[in-house]
Amino acid sequence: MSILEYNGAAIIAMAGKDCVGIACDTRLGAQAQTVACDFRKVFKMSDKIFVGLAGLATDVLTMQNLLKFRQNLYELREDRELTPKVFSNVLSNLLYEKRFGPYFIEPVVAGLDENNQPFLSGMDLIGAPVYTDDFVVTGTATANMYGMCETLYKKDMEPDQLFETLSQALLASLDRDALSGWGATVHIITKDGVTSRELKGRMD
Amino acid sequence: MARRYDSSTTTFSPEGRLHQVEYAIEAINNAGTCVGILAKDGVVMASEKRVTSGLLAPTKSSEKTYKLCQHAACNVAGLTADANILIDQARLRAGRYEYQYCEQIPIEQLVEHVCNYKQAYTQYGGLRPFGVAFLFAGYDAHHGFQLYQSDPSGNYSGWKATVIGANNQAGKSLLKNEYGSSSEEKEGEMKVEGAAEEIAMPDVNEALRLAVKVLNKTMDATATSPEKMELFVMSLKDGACVHKILNKDETQKVIDEVEAESSAAGDS
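Those sequence lines, one after another, are chains A and B.
No gaps in the numbering here: position 132 of the first sequence is 132 in the working numbering, and each next residue is one more.
No gaps in the numbering here: position 88 of the second sequence is 88 in the working numbering, and each next residue is one more.
Any given hint could turn out to be false.
Label-pair restraints from in silico Cβ distances [what the hints assert, rightly or not]:
1. B:D249 with A:F100: 55 to 61 angstroms
2. A:L94 with B:G126: 33 to 39 angstroms
3. B:N84 with A:L61: 31 to 37 angstroms
4. A:K17 with B:S61: 30 to 36 angstroms
5. A:L61 with B:S53: 47 to 53 angstroms
6. B:D41 with A:R99: 48 to 54 angstroms
7. B:A57 with A:D18: 31 to 37 angstroms
8. B:D249 with A:D38: 46 to 52 angstroms
A few chain B residues that face chain A, going by a derived Cβ cut-off under 10 angstroms, partial list only [what the hints assert, rightly or not]:
9. S61
10. S62
11. Y66
12. R91
13. Y99
14. C102
Because the hints were derived from the structure by calculation, they are not lab data.
Predicted, not measured: the structure shown is a model, and the values here were computed from it.
Every residue gets a Cβ at the ideal spot worked out from N, C-alpha and C, and that includes glycine.
Model the full structure from these sequences, guided by the hints.
Right, here's the structure in full:
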């Protein structure tokens with residue numbers, strides 16, 4: 001058993017035309033046992049930055065608090081908002097600080113930059129980042145999610161189409177993974193605001 | 001005679017004084033005035049902006065008021081360089097508290113932390129004290145809106161209304177007469193506990209006008225204008241603290257209201 005697979009998670013972030021979407025499942029388990037079905041792993045850091053944290057639940061919650069702390073300090077000192085790229089670097093730096101005793105999380109960052117263009121990044125548990133312009137996935141069902149995204153993804157999708165694509169990709173991936181599922185939440189971020197929806201899927 | 005005892009911060013004089021600390025306080029009495037007034041629905045802080053040169057580049061959002069966390073802010077009188085260190089300390093402390101407890105730091109604890117930091121420089125290390133006095137404005141669920149003042153010695157106290165910086169005595173005497181207009185009003189020094197027991201606590205708009213009135217008295221120039229002062233208001237909106245620095249038009253409006261009041265009352 002891998003420590004990263006103890007609680008279970010599935011997160012996809014996808015880019016569209018002047019928008020990004022990020023979706024996660026809502027299962028919290030203790031190996032085979034399901035403990036909660038409302039444990040969201042995607043957090044809003046600001047109107048333009050969302051972060052998805054997959055992995056050990058305790059580290060997910062701790063990292064969320066730590067990121068909030070660092071974001072507040074940045075905004076107080078610099079008197080301006082964090083941009084997604086800088087936020088991603090902060091996260092990467094935080095993870096590498098614990099290089100020899102890491103946080104067991106593999107995050108994704110989704111947001112809109114200063115020009116309201118989509119930004120996506122993913123990283124491993126010690127902070128090695130990857131920047132893409134299409135999609136990033138993380139969690140216990142990555143093999144499924146990569147397959148679904150490669151098949152369903154198209155460039156420059158409008159927000160409504162992005163929502164459909166993202167939801168179908170996630171829902172189909174969850175079904176074949178025992179450790180994720182039990183509900184899903186999708187956020188679509190545009191310059192005019194965020195739309196969040198709950199998905200109805202198999203509750204098993 | 002005091003000379004022998006005034007170069008080291010960590011030595012008392014025979015009269016039981018710490019001269020370095022007192023000299024630090026002197027440094028602040030030459031700095032731009034800051035007024036703080038507690039209102040029933042918020043806290044108001046007004047400060048004198050000393051523009052030394054027209055060539056100075058415009059600062060970020062403020063040069064006197066600093067946000068410490070979502071529910072606290074402070075005004076500075078004294079050496080800005082010293083203040084920057086302390087403000088950073090306060091921000092870190094507030095952030096760490098929230099990280100540890102997932103709750104906002106109570107204002108007095110934040111003030112006490114900054115003051116303890118200042119006190120260390122009056123007792124250890126042979127370093128000089130910080131030449132800064134602060135006005136802290138904050139809100140917490142335990143005691144509502146609060147106003148605190150701190151000085152280089154690390155001493156602090158809670159106030160309903162107070163003044164620091166140049167001509168603070170003149171400012172304080174005006175406040176003594178005009179704040180609350182209640183006869184049993186003391187100097188206004190007390191820890192604010194719970195809701196306003198004093199009948200005549202002003203609201204934020206009255207407090208703003210009173211603050212401008214105090215600044216008019218303490219500032220050297222006879223004509224007051226929005227460029228020379230900075231007005232800050234902290235209030236609650238939908239349960240969360242809102243920090244607002246009034247823009248030029250809003251500041252002018254308050255100045256005009258104070259003008260109208262004083263000419264109507266026939267003040268000189």
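Checked hints:
| no. | hint | result |
| --- | --- | --- |
| 1 | B:D249 with A:F100: 55 to 61 angstroms | holds, 57 angstroms |
| 2 | A:L94 with B:G126: 33 to 39 angstroms | holds, 37 angstroms |
| 3 | B:N84 with A:L61: 31 to 37 angstroms | holds, 33 angstroms |
| 4 | A:K17 with B:S61: 30 to 36 angstroms | holds, 34 angstroms |
| 5 | A:L61 with B:S53: 47 to 53 angstroms | holds, 51 angstroms |
| 6 | B:D41 with A:R99: 48 to 54 angstroms | holds, 50 angstroms |
| 7 | B:A57 with A:D18: 31 to 37 angstroms | holds, 35 angstroms |
| 8 | B:D249 with A:D38: 46 to 52 angstroms | holds, 47 angstroms |
| 9 | S61 | holds, 6 angstroms |
| 10 | S62 | holds, 9 angstroms |
| 11 | Y66 | holds, 8 angstroms |
| 12 | R91 | holds, 5 angstroms |
| 13 | Y99 | holds, 5 angstroms |
| 14 | C102 | holds, 7 angstroms |
Of the numbered hints given earlier, the model fails none.
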